[in-house]
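Chemist: One-letter residues, chain by chain:
Number of protein chains: 4
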Amino acid sequence: MLIQLKQDIQLDQKAAIVAKASELKYKTTEVVTQAGHYLVGTGKAEFDVRAIGNLPGIKDIHIVSDEYRLVSRKWKVNPTVIDFGDGLQVKEGELTLMAGPCSIENEAQIEKTIQHLVANNVRFMRGGVFKPRSSPYSFRGLGLEGLKMFYDMCRAHGIKIVTEVMQVSQIAPMEPYTDVFQVGARNTQNFNLLDELGKVDKPVLLKRGISGTIDELLYSAEYIFSGGNEKLMLCERGIRTYETASRNTLDLNAIPILKEKTHLSVIVDPSHGIGIREYVEPMALAAIMAGADGIIYETHEKPEEAASDGAQTLSFSESERMIWKMRKVFALKKELA
Amino acid sequence: MLIQLKQDIQLDQKAAIVAKASELKYKTTEVVTQAGHYLVGTGKAEFDVRAIGNLPGIKDIHIVSDEYRLVSRKWKVNPTVIDFGDGLQVKEGELTLMAGPCSIENEAQIEKTIQHLVANNVRFMRGGVFKPRSSPYSFRGLGLEGLKMFYDMCRAHGIKIVTEVMQVSQIAPMEPYTDVFQVGARNTQNFNLLDELGKVDKPVLLKRGISGTIDELLYSAEYIFSGGNEKLMLCERGIRTYETASRNTLDLNAIPILKEKTHLSVIVDPSHGIGIREYVEPMALAAIMAGADGIIYETHEKPEEAASDGAQTLSFSESERMIWKMRKVFALKKELA
Amino acid sequence: MLIQLKQDIQLDQKAAIVAKASELKYKTTEVVTQAGHYLVGTGKAEFDVRAIGNLPGIKDIHIVSDEYRLVSRKWKVNPTVIDFGDGLQVKEGELTLMAGPCSIENEAQIEKTIQHLVANNVRFMRGGVFKPRSSPYSFRGLGLEGLKMFYDMCRAHGIKIVTEVMQVSQIAPMEPYTDVFQVGARNTQNFNLLDELGKVDKPVLLKRGISGTIDELLYSAEYIFSGGNEKLMLCERGIRTYETASRNTLDLNAIPILKEKTHLSVIVDPSHGIGIREYVEPMALAAIMAGADGIIYETHEKPEEAASDGAQTLSFSESERMIWKMRKVFALKKELA
Amino acid sequence: MLIQLKQDIQLDQKAAIVAKASELKYKTTEVVTQAGHYLVGTGKAEFDVRAIGNLPGIKDIHIVSDEYRLVSRKWKVNPTVIDFGDGLQVKEGELTLMAGPCSIENEAQIEKTIQHLVANNVRFMRGGVFKPRSSPYSFRGLGLEGLKMFYDMCRAHGIKIVTEVMQVSQIAPMEPYTDVFQVGARNTQNFNLLDELGKVDKPVLLKRGISGTIDELLYSAEYIFSGGNEKLMLCERGIRTYETASRNTLDLNAIPILKEKTHLSVIVDPSHGIGIREYVEPMALAAIMAGADGIIYETHEKPEEAASDGAQTLSFSESERMIWKMRKVFALKKELA
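Protein chains in written order, with the working numbering: chain A, 1 to 337; chain B, 1 to 337; chain C, 1 to 337; chain D, 1 to 337.
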């Protein structure tokens, strides 16, 4: 059960609701987000909504049988809208584009990328300053100093930044210089990180785990939401299978399934999803046709010189052509809806 | 190495070519198809094409390093065209649609489906008369008598049929009543069946194995082609992964990869690929955007009463709407190319 | 429901049982094997055994809820014993060893292998004469002539042979020269082949599919059993996963699970299971500890010169050492039971 | 390249070695652990060991081509020994047993478990106080207070504890009350956590990722080792595959492969590996036969009342029987070596 509380609920009213739920064999967890106030009830017994729904202080009550409740579309039919100001929103019905290099390297690289994005009216730049690397001897990113430079330069051009956070202790120092916290595929079930991101008033882009199920992705989103942060986007980025012809297996099945299960936006990463430059475009277009709300991909002035992921990174001219095509495809998708 | 021979080559000329190849450490296999005459050379040494290429009787010679040679796009840049007469061709640049029930059930069902297809200008009807079933106690199809009825009724309306062949002994009796032999996912590596289909002058639709790699699919196609039959189409139908939210994981990555590796057409089966009726449409549209040359899917007048696969089968009205959308998407895809 | 019929049942008695089952909403399939006579009832309703169990002609009746019925341990608690004469039996409680090359190559190779087996008291020799190969240009085996030589030489030394059958048309010519028909991992769901093997009075070793589930393996066994052949052994040979450090992932979990679900013997193939010579021995010993009833593995006088699978094939000295260890481990396993 | 330095090396000597390595196109990373002092050289060029090996200050130099270097058996042939005092060591050649509940619940539960372990001479007790849970609404463990109670009670009986650490900020408060830090399957690639555990002077049990490769496990171990902590054990606990008959697929192939690649001990967790109580014992015995150095498993006085993982938890009597059998099997394994 999911109970939305009125903002002006009295303490004794809340206690009465909790007591009633307990009587119905439901344990309640109180959730206060930036946008709402909820009691999440977990239990298995069937109950009559009327037995509790008319208690004072309740705004609305929903029977939600999924194990994930707050991110479920069963109670919140309207899709989540994340507002970035300046008329920029991530939401169903708009095509969100996020592009940039795998790693932030230096000022010139950021400058060139911003020019490319501005010229093509792309409003989000992706780029990592803390890089998760399999080997401890690989380049691990420019760190916080790189982030500040990245943020300041983008801010000057109205570009929002998306960058990966890897651990709890990075959240506070990163927060002033970050527009969207990205949680990478290796951290999808780093529950402490999810808990802490629940306390932050900044949007989070949560990637599916390397071999994570769709349900696990939704559970992980529930961590952040129930921690207090409703500004969530999900990201399909390919799963690990036996096939070695592509880096990962981009699971586009996940898009229509997620779109039905949750009110959160679904962004697709075709760069990691297939991992081969010349195939990024068809997979991006396919993802939009499958219902994706946005595409995040890697582009670099000189992909062959990129510090990481060059083999799956588009040149600016490839990126420009793909942006034009993605918008055409999205327009048709809306027309067909 | 792949040597295309002239149709009027003399025996002694051929012997000279084989001897020269042997000298270069290449073992040759002679392949005669309905359309061409080849020597496929297998070996590892590098060689100078000029050392053999000017021998009499040779039409063309190609260095092809893939283990699959005849189906490789490296020697045959022009995509394969399969001609069914009456202006009907399966080829790159045309959207091929194949629709119908999982199983052929009775005359009324065929009749209704034909009406639906004719009304929507779909030229291929799919339907199984020999059904591979996990359990020996399940319905195994109407068999040869069903096939004859199916074929005759379709023929009367200019519809071509696509139906699964499961074993060598079925090929001869099925051949007069079959337009396209479908090889199912459980038979992709049934090498004797592939060998025998190489001897048939009828097109073959070869499905990817349940956990088959892209390379294994191409090898299996090589069996049929080297057996003598060039009229081949490949079919992506979803692979087996750990994810249980969908029946299979439709691997759309395979489309651009296959389109680069082979000159054969690539058809996608979203019905088996995701296995859930309401998501078949977005996956079909996505597949077209990823570059598929055609879509094969399940439709039935009353899906909930279908003898098999009802949960992934579209009603005729759903099918009609999807056909209209697929053509819109394909038109845009061509425009963007 | 599974009804064992008396051997001397009258036709009218059988009809009465079928009618009664039908009344209980069960469809029956009659199964006559070399060893028994059954009615397999498929249906979902609960029923009272007494309602049907006391009809004349019934030997015994079992409620078996698995989808596979005849191979289930729920009705046949005693494990299957396959008798090869000369005191040779495959059964729970005995360690069955099957060894030999991947492919039969020539007389000298067979001779050497037989000597090795006889010296170590191994009673089954494996060896392929029909080889399933991914590429059509690879060595496909010596065929029927090779089989005859193989069989005759082994027979002269009291060795039984295990060899792969790939298609229906091979069964009849192979039968006089084969002691155990092996069904390979690519043919586990070749249902026509399974049907035909049900009609043969020779034991069958059925391998698990390349990405086959345990349940699918049992279903496939049900095909053979319900076709009339009870002389069945199952074989775990590794499944396909994302891990590339080994050729396959030998799934030893399958052993205790299969041993509980079915009365059939479970043989393990560590050669294909891990695919790396030096690790075959620990996996064989582990399999025995997990409860395997036998081990089938590859050995060759000169593994590095073997026509196929050399990298996973043991030399005779390695084989000898492993045989000694396997018997030690099996003895301890029995002692601990 | 891996260079072991003398403990009394001079700064100018070290500088000379780094300069020489750089000349050979190798970048060096200095690693100081509790036990040694190393320069890890990463580069691709071949080099002559003599060109650098005789510089002053070098104890030994090894060519190690694996991407993981410090954990590789190619330079350190002798297996790692972790000494816990009181004659207790984890090492190759000894069977290490770690047993206990999934979650620490209360004092009585700890007391009962300790009695069981002491009676059976098991020296390590496992038990979680911080629990990673898919759903935010599940029981997340007793936390630090629970840990203190757990530690103190075990210490009084000479039992060492193994408990999971989930995030960097837990390390310092946990350290005084922890004998072995366990890194769970969801944190195998939580690189910041690995970095920090490199700075701790306490043994670490590193679990393989849910769909982690063997190489990724070794890379993650390299993080901890290169961070300064050599006291490492690896743990195989089952991987995610398409098979649903077991909770995970315990990959015993990994044991002989890991034992050849690394000098670290390999512990196996059959409880999570198969996830079904009655099959834990055969998998534990199989793991020992495959070469495992130890077994970690779940046991509880009343498994059916356990706070988590009850379905895969042994009762004390089952545990006792299994301990006895594991020691028998390990004795035979040593005899056969």
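Some hints could be false.
Unchecked claim - With a straight-line Cα cutoff of 30 Å, these simulated DSSO-like cross-link-like pairs (lysine-lysine) come out:
1. B/Lys20 / B/Lys302
2. A/Lys91 / A/Lys25
3. B/Lys302 / A/Lys328
4. A/Lys202 / A/Lys44
5. A/Lys334 / B/Lys44
6. A/Lys334 / B/Lys199
7. D/Lys112 / D/Lys261
8. A/Lys44 / C/Lys25
9. A/Lys302 / B/Lys44
10. D/Lys20 / C/Lys328
11. C/Lys199 / C/Lys148
12. B/Lys44 / C/Lys199
13. A/Lys334 / B/Lys20
14. A/Lys20 / A/Lys6
15. B/Lys202 / A/Lys328
16. D/Lys112 / C/Lys261
17. D/Lys6 / D/Lys20
18. D/Lys91 / D/Lys328
19. A/Lys261 / B/Lys20
20. D/Lys74 / D/Lys27
21. C/Lys261 / C/Lys91
22. C/Lys74 / D/Lys302
23. B/Lys302 / C/Lys91
24. D/Lys91 / D/Lys20
Stated by the list, open to error - Computed beta-carbon distance windows for the label pairs:
25. D/Arg50 / B/Gln4: 38 to 44 Å
26. C/Pro79 / A/Phe139: 37 to 43 Å
27. B/Glu92 / C/Lys202: 33 to 39 Å
28. A/Ala156 / B/Lys44: 53 to 59 Å
29. C/Lys44 / A/Val77: 49 to 55 Å
30. C/Glu320 / B/Ile63: 30 to 36 Å
31. B/Glu92 / A/Val77: 49 to 55 Å
32. B/Gln13 / C/Gly85: 47 to 53 Å
33. A/Gly310 / D/Asp201: 38 to 44 Å
34. A/Gly310 / C/Lys202: 47 to 53 Å
35. A/Glu278 / B/Asp8: 55 to 61 Å
36. D/Gln7 / C/Glu94: 43 to 49 Å
37. C/Lys44 / A/His62: 31 to 37 Å
38. B/Lys302 / A/His62: 30 to 36 Å
What the hints contain is simulated information worked out from the structure, not anything from laboratory work. Please read these numbers as outputs of a predicted model, since none were measured by experiment. Beta carbons: idealized from backbone N, C-alpha and C, even for Gly.
Chemist: All hints, please: hold or fail.
Modeler: Hint check results:
Only pairs whose Cα atoms come within 30 Å are accepted, and B/Lys20 paired with B/Lys302 is rejected, the gap being roughly 63 Å. Among the hinted pairs, A/Lys91 with A/Lys25 is inconsistent with the structure: their alpha-carbon atoms are about 37 Å apart, more than 30 Å. Under the criterion of a C-alpha separation no larger than 30 Å, the hint pairing B/Lys302 with A/Lys328 is inconsistent with the structure, at around 36 Å. The hinted pair formed by A/Lys202 and A/Lys44 fails the criterion: a straight-line CA distance of about 34 Å is larger than 30 Å.
Annotation: proposed proximity of A/Lys334 to B/Lys44 is violated, straight-line Cα distance about 52 Å (limit 30 Å). Between A/Lys334 and B/Lys199 the alpha-carbon distance is near 48 Å, which puts this suggested pair outside the 30 Å criterion. Taken as a hint, the D/Lys112 and D/Lys261 pair is broken in the structure, with Cα atoms around 39 Å apart against an allowance of 30 Å. Under the criterion of a C-alpha separation no larger than 30 Å, the hint pairing A/Lys44 with C/Lys25 is inconsistent with the structure, at around 34 Å.
Of the pairs offered as hints, the one joining A/Lys302 and B/Lys44 is violated, with about 35 Å between alpha carbons and a cut-off of 30 Å exceeded. Between D/Lys20 and C/Lys328 the alpha-carbon distance is near 54 Å, which puts this suggested pair outside the 30 Å criterion. Among the hinted pairs, C/Lys199 with C/Lys148 is consistent with the structure: their alpha-carbon atoms are about 22 Å apart, no more than 30 Å. For the given pair, B/Lys44 sits about 45 Å from C/Lys199 by alpha-carbon distance, which is inconsistent with the 30 Å threshold.
In summary, the hint linking A/Lys334 to B/Lys20 is not supported, as the alpha carbons are separated by about 61 Å, beyond the 30 Å threshold. Only pairs whose Cα atoms come within 30 Å are accepted, and A/Lys20 paired with A/Lys6 is accepted, the gap being roughly 17 Å. Distance hint between B/Lys202 and A/Lys328 is unfulfilled; the C-alpha atoms sit about 39 Å from each other, more than 30 Å. With a C-alpha separation of about 35 Å, the suggested pairing of D/Lys112 with C/Lys261 is violated against the 30 Å cut-off.
Of the supplied pair hints, the one linking D/Lys6 and D/Lys20 holds, its CA atoms being roughly 17 Å apart against a limit of 30 Å. The straight-line distance between the Cα atoms of D/Lys91 and D/Lys328 is roughly 18 Å, inside the 30 Å bound, and the hint therefore holds. The straight-line distance between the Cα atoms of A/Lys261 and B/Lys20 is roughly 64 Å, outside the 30 Å bound, and the hint therefore fails. Between D/Lys74 and D/Lys27 the alpha-carbon distance is near 20 Å, which keeps this suggested pair within the 30 Å criterion.
At most 30 Å may separate the alpha-carbon atoms for a hinted pair to count; C/Lys261 and C/Lys91 meet this at roughly 16 Å. Taken as a hint, the C/Lys74 and D/Lys302 pair is honoured in the structure, with Cα atoms around 28 Å apart against an allowance of 30 Å. For the proposed pair B/Lys302 and C/Lys91, the alpha carbon gap of about 50 Å is over 30 Å, so the pair is violated. Of the supplied pair hints, the one linking D/Lys91 and D/Lys20 is violated, its CA atoms being roughly 36 Å apart against a limit of 30 Å.
Judged by the Cβ atoms, the range 38 to 44 Å given for D/Arg50 and B/Gln4 is violated: they are separated by roughly 56 Å. Distance hint check: the CB atoms of C/Pro79 and A/Phe139 are about 59 Å apart, inconsistent with the given range 37 to 43 Å. Between B/Glu92 and C/Lys202 the C-beta distance comes to about 49 Å, which lies outside the given range of 33 to 39 Å. Between A/Ala156 and B/Lys44 the Cβ separation comes to about 58 Å, which falls inside the hinted range of 53 to 59 Å.
Taking 49 to 55 Å as the suggested C-beta distance range, the pair C/Lys44 and A/Val77 does not conform, at roughly 36 Å. At about 47 Å, the CB distance of C/Glu320 to B/Ile63 disagrees with the hint of 30 to 36 Å. The beta-carbon spacing between B/Glu92 and A/Val77, approximately 42 Å, falls outside the hinted interval of 49 to 55 Å. Between B/Gln13 and C/Gly85, the C-beta spacing of about 59 Å breaks the proposed range 47 to 53 Å.
A beta carbon spacing of about 40 Å between A/Gly310 and D/Asp201 agrees with the range 38 to 44 Å that was offered as a hint. The beta-carbon spacing between A/Gly310 and C/Lys202, approximately 58 Å, falls outside the hinted interval of 47 to 53 Å. Hint check: A/Glu278 to B/Asp8, Cβ distance near 41 Å, so the stated range 55 to 61 Å is violated. Checked against the hint of 43 to 49 Å, the C-beta distance between D/Gln7 and C/Glu94 comes to roughly 59 Å, which is inconsistent with it.
Restraint check, C/Lys44 to A/His62: a C-beta distance of roughly 34 Å satisfies the suggested window 31 to 37 Å. Separation of B/Lys302 from A/His62 is about 34 Å and conforms to the stated range, judged on CB atoms against 30 to 36 Å.
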